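Number of protein chains: 2
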Amino acid sequence: MDINALSTPISEHEMYMRLALREAANAFDHDEVPVGAIVVVNNKVVAKAFNQVELLNDSTAHAEILALTSAYQSFGSKYLPDATLYVTVEPCLMCCGALYWGKLARIVYGASDEKNGYRHFTSSPPFHPKTEIIGGLLAYEAAALMKDFFRARRQ
Amino acid sequence: MDINALSTPISEHEMYMRLALREAANAFDHDEVPVGAIVVVNNKVVAKAFNQVELLNDSTAHAEILALTSAYQSFGSKYLPDATLYVTVEPCLMCCGALYWGKLARIVYGASDEKNGYRHFTSSPPFHPKTEIIGGLLAYEAAALMKDFFRARRQ
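If you read the sequences in order, they're chains A and B.
Under the numbering used here, think of the first position of the first sequence as 27, with each following residue one higher.
Under the numbering used here, think of the first position of the second sequence as 27, with each following residue one higher.
Some hints here could point you the wrong way.
Which copy? The list can't say, so a pair holds if one copy fits it or any two copies do.
[Said to hold, decoys possible] When the alpha-carbon atoms are kept at most 20 Å apart in a straight line, the in silico DMTMM-like pairs for lysine to aspartate or glutamate are as follows:
1) Lys129 / Glu80
2) Lys104 / Asp57
3) Lys156 / Asp174
4) Lys70 / Asp139
5) Lys70 / Glu80
6) Lys104 / Glu80
7) Lys104 / Glu167
8) Lys70 / Glu140
9) Lys129 / Glu40
10) Lys173 / Glu158
Hints in this document: simulated from the structure, not taken from any laboratory.
It should be emphasised that the depicted structure is a prediction, and the values quoted were computed from it without experimental measurement.
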């Protein structure tokens with residue numbers, strides 16, 4: 027991440043990522059893998075979601091997919107060219123594909139996912155060419171939630 | 027596709043793909059990009075869907091995603107290890123990712139998609155290692171529907 031190249035001040039990105047982290051904490055409290063996502067358009071949060079794979083018994087119910095679907099419904103549009111999606115963990119291939127179709131302006135993610143993140147599967151970013159990608163924002167906080175979750179499950 | 031290696035007789039695969047083609051024709055009739063999908067478990071159709079991106083204003087509403095979500099709800103399970111998904115067109119990256127998470131037994135697709143199909147983005151199949159992939163079944167019929175659709179849109 028090149029902070030000098032950011033078109034939005036870092037503090038604003040951090041503010042929204044902290045809302046995404048709050049969603050991730052919600053997931054944690056519901057015994058879901060703690061991932062949260064927020065969609066922001068023109069400095070307004072238009073959708074938020076946490077991973078609900080277990081609650082919905084649906085392995086497509088990742089935070090990003092739920093947040094995107096909510097934002098599409100909110101806007102009555104299948105594209106979000108002015109939107110930024112904040113997600114606490116590097117998106118998987120399914121979510122990258124969904125974000126590709128949505129043609130978002132920007133995707134900001136937190137912790138890397140060595141096992142299921144898109145970088146494990148593709149050598150070049152599978153996003154829309156117009157989408158800006160920023161990785162590693164508040165990664166420590168997002169990764170700590172994930173580690174606590176999986177440590178508790180192993181006990 | 028190596029027909030001799032198929033664990034299900036070709037006529038059965040064809041029968042289910044024709045049901046998926048019927049879904050694709052439904053999509054066509056609703057002015058949607060004509061893609062249809064069917065989920066089969068133990069010789070029973072447990073879900074069927076056609077692409078509804080325009081109807082739902084949701085770019086995640088591909089036939090495969092809708093069929094998977096319907097099948098998960100039907101089974102009360104987030105995995106479908108005994109299921110075969112038939113889809114008329116080569117899945118995109120989003121749908122491959124969704125199928126990966128579902129751990130399906132088999133994916134059978136029809137026409138290739140040179141622009142948006144997963145083979146355009148990845149050199150190795152991004153599916154679960156336990157999932158069998160069969161491509162090209164009734165490809166001509168599926169491709170003809172797509173060509174007719176886009177020809178009509180250009181006029």
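Verification of the supplied hints:
| no. | hint | verdict |
| --- | --- | --- |
| 1 | Lys129 / Glu80 | between (28 Å within a copy, 15 Å between copies) |
| 2 | Lys104 / Asp57 | between (31 Å within a copy, 15 Å between copies) |
| 3 | Lys156 / Asp174 | neither (35 Å within a copy, 30 Å between copies) |
| 4 | Lys70 / Asp139 | neither (28 Å within a copy, 37 Å between copies) |
| 5 | Lys70 / Glu80 | neither (29 Å within a copy, 25 Å between copies) |
| 6 | Lys104 / Glu80 | between (26 Å within a copy, 8 Å between copies) |
| 7 | Lys104 / Glu167 | neither (32 Å within a copy, 28 Å between copies) |
| 8 | Lys70 / Glu140 | neither (31 Å within a copy, 37 Å between copies) |
| 9 | Lys129 / Glu40 | neither (22 Å within a copy, 35 Å between copies) |
| 10 | Lys173 / Glu158 | neither (28 Å within a copy, 33 Å between copies) |
Violated hints for the displayed structure, listed by number in ascending order: 3, 4, 5, 7, 8, 9 and 10.
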